[in-house]
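Same order as they appear, the protein sequences are chains A and B. Under our numbering, the first residue of the first sequence carries the number 1, and numbering increases by one thereafter. Under our numbering, the first residue of the second sequence carries the number 1, and numbering increases by one thereafter.
It should be emphasised that the hints constitute simulated quantities derived from the structure, not laboratory data. A virtual CB, placed ideally from N, CA and C, is assigned to each residue, including glycine. Heads up, some of the hints might be wrong.
To be verified - Partial selection, computed: residues in chain A whose CB lies under 10 Å from chain B:
1. PHE95
2. SER102
3. ASP105
4. LYS166
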Amino acid sequence: MISSPFLAVNNAGRMDIQQENTLKKIILLVALWAIPATAMAHDILGFPRHKGVEPVVNKKYSSSCGECHYAYHPGLLPSRSWKKLLEPKSLENHFGDNAELSEKDRLEVLAFLTENASETTWHFKRSVKITQSIPEDVTPLRISEVPYIKKKHMEIPREMVKDNPKVRSLAQCNKCHTEAVEKGQFSRTNVDIPNFRNWADLID
Amino acid sequence: MRNLKLLLLCAAIVGCAAVAVYADNSVLSKVLERYQAEGAASFSAENGEKMWTQKFNSDEEPLIRSCTTCHGTDLSKQGSHAKTGKIIEALAPSANPERFTDEEKIEKWFNRNCKWTLGRECTVQEKGDFLSFLSSK
């Protein structure tokens, strides 16, 4: 049965039902439009829907880049940084280590990282902040040197990081951010610094 | 009839176990065979062990490097990465049956670790010696 306001006018007896049906449809349409529209408005107005970085996973990436430190989420650096890190020459001397990959694996990992890099999303707050904090002509090779990340950790004393045998470096995000690896969450409410459980009392 | 079923079941279990063990060794023997096809002589676990603890100099920190820097000397125990401190599971197959069961992984790490430790790639002879030593643990 086609319900149309014109039909309803012609057939006075069924007018109420017809109009009610039409009204229901309009409400439904408005609702369907409104949900994505509000979500979009959030993004456009600068309120991403999710707080962390996107917790994407890729088997090849985990086995290629997760053996010496946790496999950093792609959304923690812009694609230009991943490209530079993944150049064969850079992999050969990767922060004083050798992280070389076969050409096939290198290209597969590079594609995954650049497709999910920080500037590819407007939905994840930390990625957006990371992208926005880096000047366009700068290509950081370290997440810990991204201005936004650096600023967030400025007040943490050396004894909790470098001189802390259970952490050793700010690059060990997952040692302190307990929900980082699985959920991509870096909120200060789920931080637990090894050997300094009361860190929040020591840092204002 | 019942006995026959039991017998078949036993045979199946033994068969599967045998296949599993064979599959493990087959990666290793395939790799060793390939090294020999590429020019290596017979392999010596003893030489492998000597090189395992041998110390090499580097221009960069750490100035003295060896395989034990990350893997330790007791191969049935966990090691820890020299720079990041990340735990490296035991290399001995007796403690960690997943070791040396993936050819690509073996080559990936020989490439990285030889260059890092010795400052050059390992020869097929050296790689075979290392594997003979490591797989005996």
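Hints, one by one, checked against the model:
{"no.": "1", "hint": "PHE95", "result": "holds (7 Å)"}
{"no.": "2", "hint": "SER102", "result": "holds (7 Å)"}
{"no.": "3", "hint": "ASP105", "result": "holds (8 Å)"}
{"no.": "4", "hint": "LYS166", "result": "holds (8 Å)"}
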